[in-house]
Amino acid sequence: MHIYANPARFLRIAKWLTPLLLVSGLVVTGAALLWGFTQAPPDRLMGDTVRILFIHVPTAWLGMGGWTAIAIASFVELVWRHPLAAIAARAAAVPGAMFAAICLATGSIWGRPTWGTWWVWDGRLTSMLVLLFLYFGYIALSSSLAREGQSSRIAAIFGLVGAINVPIINRSVVWWNSLHQPPSITTGGSAIDPVFLWPLLAAVVGFSLLFGGVVLARMRIILADTQAEARLRRMAQKAEMNADVQAEGSVS
Amino acid sequence: MSTRIKPKHQRLALLLIALAALIGATLLAIYALRDQASYFYVPAEIAADPPAPGQAIRLGGMVENGSIAMQADGVTVEFVVHDGQARVPVTFNGIRPALFVEGSGVVADGRMDADGTFVADRLLAKHDENYTPRELEGMTTAQMREELQDTVE
Chain A
1 MHIYANPARF LRIAKWLTPL LLVSGLVVTG AALLWGFTQA PPDRLMGDTV RILFIHVPTA
61 WLGMGGWTAI AIASFVELVW RHPLAAIAAR AAAVPGAMFA AICLATGSIW GRPTWGTWWV
121 WDGRLTSMLV LLFLYFGYIA LSSSLAREGQ SSRIAAIFGL VGAINVPIIN RSVVWWNSLH
181 QPPSITTGGS AIDPVFLWPL LAAVVGFSLL FGGVVLARMR IILADTQAEA RLRRMAQKAE
241 MNADVQAEGS VS
Chain B
253 MSTRIKPKHQ RLALLLIALA ALIGATLLAI YALRDQASYF YVPAEIAADP PAPGQAIRLG
313 GMVENGSIAM QADGVTVEFV VHDGQARVPV TFNGIRPALF VEGSGVVADG RMDADGTFVA
373 DRLLAKHDEN YTPRELEGMT TAQMREELQD TVE
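Residue numbers (the numbering used here), protein chains in the order written: chain A, 1 to 252; chain B, 253 to 405.
Chain A extracted, bound-state conformation:
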């Protein structure tokens, strides 16, 4: 594991992996959505509204996956003091929040014609909204800690505690009566017809590639920022020292 701990080695890999993930993600996502929007048939009851599935389900999974990534990275950061783990957690927060927001928006648009309402306070919808607010809190906390130059350990603890919400989102439709339907895809099989399932899985792959690409790109930005700041600080120190030496020289 420690061979990946080296930021220089990480940057070498990320340099070619980032554009690869972003481009392949765009291609796969575009193809999957085109497939779902134009080739898949309308649903028996929902008609064309079913097509929102191809955005809603991948973004819901990645919204939860983003926080799972934050939790794992936070755990690694707290136990092994891994320098890249804190950066990875920070980098996953913004795309994760974006996916959670898209999931909530598309779900609401789907709910209006299907259920007859934009929003209800049932277990699934409420816990997903809590996840979005947890993301906002995490982003605010981790970026302010980074700006003050403080340790990100508090953010890591927040990331771990917030992870409790992820299984709650997942189980909310099983534990409690909810307006949201129970899971269609379980380990026992799928209640989604293959004509919808395949473009959906393709969209999941595409969105996941995009997610990975964005996280790597953001990690590179954070590393570059840290380096630039360290360099500026060294330059400032050197300039101060030179000024001190000159001042001493003029006094004597």
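It should be emphasised that the hints constitute simulated quantities derived from the structure, not laboratory data.
Treat the hints with care, as some may be off.
[Unchecked claim] Residues from chain A shown here face chain B by an in silico Cβ test under 10 Å; the list is partial:
| no. | residue |
| --- | --- |
| 1 | P41 |
| 2 | D43 |
| 3 | L45 |
| 4 | L78 |
| 5 | A105 |
| 6 | I109 |
| 7 | W110 |
| 8 | G123 |
| 9 | T126 |
| 10 | W176 |
| 11 | N177 |
| 12 | P182 |
| 13 | V245 |
[What the hints assert, rightly or not] Which residues of chain B face chain A? A partial, calculated answer using Cβ under 8 Å:
| no. | residue |
| --- | --- |
| 14 | R286 |
| 15 | V294 |
| 16 | I298 |
| 17 | P302 |
| 18 | V359 |
| 19 | L375 |
| 20 | A377 |
| 21 | K378 |
| 22 | T384 |
In this text, all values refer to a predicted model and were calculated from it rather than measured experimentally.
Idealized CB from N, CA, C, for every residue including glycine.
Position chain B against the provided structure of chain A, taking the given hints into account.
Below, chain B alone, put in the same frame as chain A:
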């Protein structure tokens, strides 16, 4: 003999204990919430513990086949919600969602009246977990497979 624990292992143990405590606390909270966090009552729960007439509640279940009947005024609809164990008659006066059909799930906001009928103010359709294209409606699984094979080939 020095058996000093490595700081790394100490952190790992502490963190695992903290996580176990957190998960335990969450499970306790969820256990306490199990009745309160549900979005609606099913007919069996209403039969077991009847709410006071006029108290605002939410009822959810399946629309019984053959039970939807329109009243003479043309806007009030009567139907029966069941969950396999109990049945509750419902009346509703308003705009019905498109997915409101017999045999599908429904959630109604409203109250019980004195004679055991549920008077709904708002009707929401509950979509189930099945996604099926129109052409395959009413087919058995085996027929669907065949149809799909024909389409793919």
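Status of the hints after comparison with the structure:
1. P41: Interface hint status for P41(A): holds (4 Å vs cutoff 10 Å).
2. D43: holds, 6 Å
3. L45: holds, 5 Å
4. L78: At 6 Å from the nearest chain B Cβ, L78(A) passes the 10 Å test, so the hint holds.
5. A105: The hint is violated - A105(A) has no Cβ within 10 Å of chain B, the shortest such distance being about 18 Å.
6. I109: It is violated, given that the least Cβ distance between I109(A) and chain B is near 14 Å, above 10 Å.
7. W110: holds, 9 Å
8. G123: holds, 6 Å
9. T126: Nearest chain B Cβ about 9 Å off; hint holds.
10. W176: holds, 4 Å
11. N177: holds, 4 Å
12. P182: Holds, because the Cβ-Cβ distance from P182(A) to chain B comes to roughly 5 Å (cut-off 10 Å).
13. V245: Violated, about 41 Å.
14. R286: For R286(B), the interface hint holds, since the closest Cβ of chain A sits about 7 Å away, which is under 8 Å.
15. V294: Nearest chain A Cβ about 7 Å off; hint holds.
16. I298: violated, 12 Å
17. P302: violated, 18 Å
18. V359: holds, 6 Å
19. L375: holds, 7 Å
20. A377: Given a least distance of 6 Å, the restraint on A377(B) holds.
21. K378: holds, 6 Å
22. T384: Since chain A brings a Cβ to about 5 Å from T384(B), closer than 8 Å, the hint holds.
Going down the numbered hints, you'll see the structure goes against 5, 6, 13, 16 and 17, while the others check out.
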